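Chains as they are written, first to last, in this note's numbering: chain A, 23 to 245; chain B, 12 to 196.
In case anyone wonders, no lab produced these hints; they're calculated from the structure.
Given the structure is predicted, the values throughout are model-derived calculations rather than measurements.
Treat the hints loosely; a few may be bogus.
[Said to hold, decoys possible] Here are the computed lysine-lysine pairs in the BS3-like style, where the Cα-Cα straight-line distance is at most 27 angstroms:
1. A:96 to A:109
2. B:23 to B:36
3. A:209 to B:23
4. B:155 to B:73
5. B:155 to B:113
6. B:185 to A:240
7. A:182 to B:155
8. B:185 to A:243
9. A:243 to A:209
10. B:185 to A:209
11. A:120 to B:155
12. B:186 to A:190
[Claimed, not checked] If you anchor each label on the Cβ, the simulated ranges turn out as follows:
13. B:16 to A:184: 20 to 30 angstroms
14. B:106 to A:106: 35 to 45 angstroms
15. B:192 to A:215: 16 to 26 angstroms
16. A:102 to B:192: 28 to 38 angstroms
17. B:77 to A:185: 33 to 43 angstroms
18. B:23 to A:102: 44 to 54 angstroms
19. B:171 to A:96: 27 to 37 angstroms
20. B:134 to A:63: 23 to 33 angstroms
21. B:192 to A:148: 13 to 23 angstroms
[To be verified] Partner residues are not named here, just some residues of chain B that face chain A (Cβ under 10 angstroms, in silico):
22. 46
23. 71
24. 75
25. 77
26. 79
27. 82
28. 83
29. 121
30. 145
31. 148
32. 150
33. 181
34. 182
35. 188
Idealized CB from N, CA, C, for every residue including glycine.
Here are the chains, one letter per residue:
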Amino acid sequence: MKILILDSGPIINLSMNSLLYIFEKLKSKDMEIIITPSVKTEVVDYPLRIKRFELGALRAQQLIERGIICLPEKIGITAESLSQETKKVLSVINSTLKTDGEYIRIVSEAESSCLALSKILSDRKIENIIAIDERTTRTLFEKPENLESLMSKKLHRKVKIANNDFRKLGNFRFIRSPEIVFVAHKKNLTNLKGNRALEALLYATKYKGSSISDEEIKSIKKL
Amino acid sequence: MQEKEHIIYVLKEAIQAIRTDNASKLQQLSDQTIHSASVYQDTDSISVAVTIYSISKVVSRKDSLKIGRWNSFVDKISSALGLAIDALEKGRVESFSSHLEKSVKLMSSFSNLKPYIQDVLRKAAINKASKLYEHGISLAQTAKLLGITRWELSEYVGQKTVNNNPYKTTISGKKRAEMALEFFA
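This is chain A alone, in the form it adopts within the complex:
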């Protein structure tokens, strides 16, 4: 059994690009696709109240109702245990970067809940990966010194990693919407065929909020 953990970004991204069917095709007997309650709030519960995003929210809700995307209870993780772990993760991450004597709150509950779920699964030796389009969370765990430099440059003041506890949270693995559509294309699971299909799919994910450069798209196309 392996678990694909979805942050809000890839669901929103694929919904806006009419590619949500990819999740259904990627799901297999030995893989569950899971979202946390906080992510569900962001992609379904809250936008359902806003007419402009109602359709997208309904599409995502349908995937949950049909069991394509599940909540953590499906794999035996209670809302309470996830909530407790999320609070710990949130507290550790938001006590990491410091400037002028103040810790900077860089992440919110939704992203922290994905990390918390990944941590719980890894502790249980269950293979998992987090799909997340936004850059901050990935950068913190993959190259934290980059976040330190980026924030120092943007804020025009020295931002330092003042606490290294985040490094003990685990070795997280991250992919983004572009990698999801890339895999779907490679496995011939997308409805779009032809020479230019992959490029079109990758750029579509970029323009709906995935943090990916043109150079990265070029290198993925070559694979």
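Based on the hints, put chain B in the right spot on chain A.
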């Protein structure tokens, strides 16, 4: 409230910029407020950033919006911001927030501007959220701070260029794609 002196400085400069129709200066001042908003994440800094950015949009489209009583518009907005400064100097934070809110209501009170201002305020919130994201705050956290949805923020952020900035590159696109292939194998 954090960085009170900086907010007072920004608002004083903003009044000058409004009086001289300097929309780009107003946008710069709004961005300056975002630096402290990123660190302290206090609602007042964020409100100042959104309000000044919204005013800049009205100033930049002054002619096309055909605001008949422009001088009166400038006087009223400047007066509201002046009262906000005064309240802040006296440490009356609630009164400060109320005068800032009043300046937004004043923009809407110019009858032909009402529908436009609602749109400007929403876009200003999205713009400021994307600036916070550029400053290293996560998308979910910025959406929460600005009271907007991840849906509208994702779309806006997608229009921004992501170049091969060394600060933004963590692992190569090739390596991540291979990791994905391996996971889904």
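Results for each hint:
| no. | hint | in the structure |
| --- | --- | --- |
| 1 | A:96 to A:109 | 21 angstroms, holds |
| 2 | B:23 to B:36 | 12 angstroms, holds |
| 3 | A:209 to B:23 | 60 angstroms, violated |
| 4 | B:155 to B:73 | 32 angstroms, violated |
| 5 | B:155 to B:113 | 23 angstroms, holds |
| 6 | B:185 to A:240 | 9 angstroms, holds |
| 7 | A:182 to B:155 | 24 angstroms, holds |
| 8 | B:185 to A:243 | 9 angstroms, holds |
| 9 | A:243 to A:209 | 14 angstroms, holds |
| 10 | B:185 to A:209 | 17 angstroms, holds |
| 11 | A:120 to B:155 | 21 angstroms, holds |
| 12 | B:186 to A:190 | 24 angstroms, holds |
| 13 | B:16 to A:184: 20 to 30 angstroms | 25 angstroms, holds |
| 14 | B:106 to A:106: 35 to 45 angstroms | 41 angstroms, holds |
| 15 | B:192 to A:215: 16 to 26 angstroms | 19 angstroms, holds |
| 16 | A:102 to B:192: 28 to 38 angstroms | 36 angstroms, holds |
| 17 | B:77 to A:185: 33 to 43 angstroms | 55 angstroms, violated |
| 18 | B:23 to A:102: 44 to 54 angstroms | 51 angstroms, holds |
| 19 | B:171 to A:96: 27 to 37 angstroms | 36 angstroms, holds |
| 20 | B:134 to A:63: 23 to 33 angstroms | 24 angstroms, holds |
| 21 | B:192 to A:148: 13 to 23 angstroms | 20 angstroms, holds |
| 22 | 46 | 5 angstroms, holds |
| 23 | 71 | 24 angstroms, violated |
| 24 | 75 | 25 angstroms, violated |
| 25 | 77 | 28 angstroms, violated |
| 26 | 79 | 32 angstroms, violated |
| 27 | 82 | 36 angstroms, violated |
| 28 | 83 | 34 angstroms, violated |
| 29 | 121 | 26 angstroms, violated |
| 30 | 145 | 6 angstroms, holds |
| 31 | 148 | 6 angstroms, holds |
| 32 | 150 | 4 angstroms, holds |
| 33 | 181 | 4 angstroms, holds |
| 34 | 182 | 6 angstroms, holds |
| 35 | 188 | 5 angstroms, holds |
In the structure shown, a violation is registered for the earlier hints numbered 3, 4, 17, 23, 24, 25, 26, 27, 28, 29, in ascending order.
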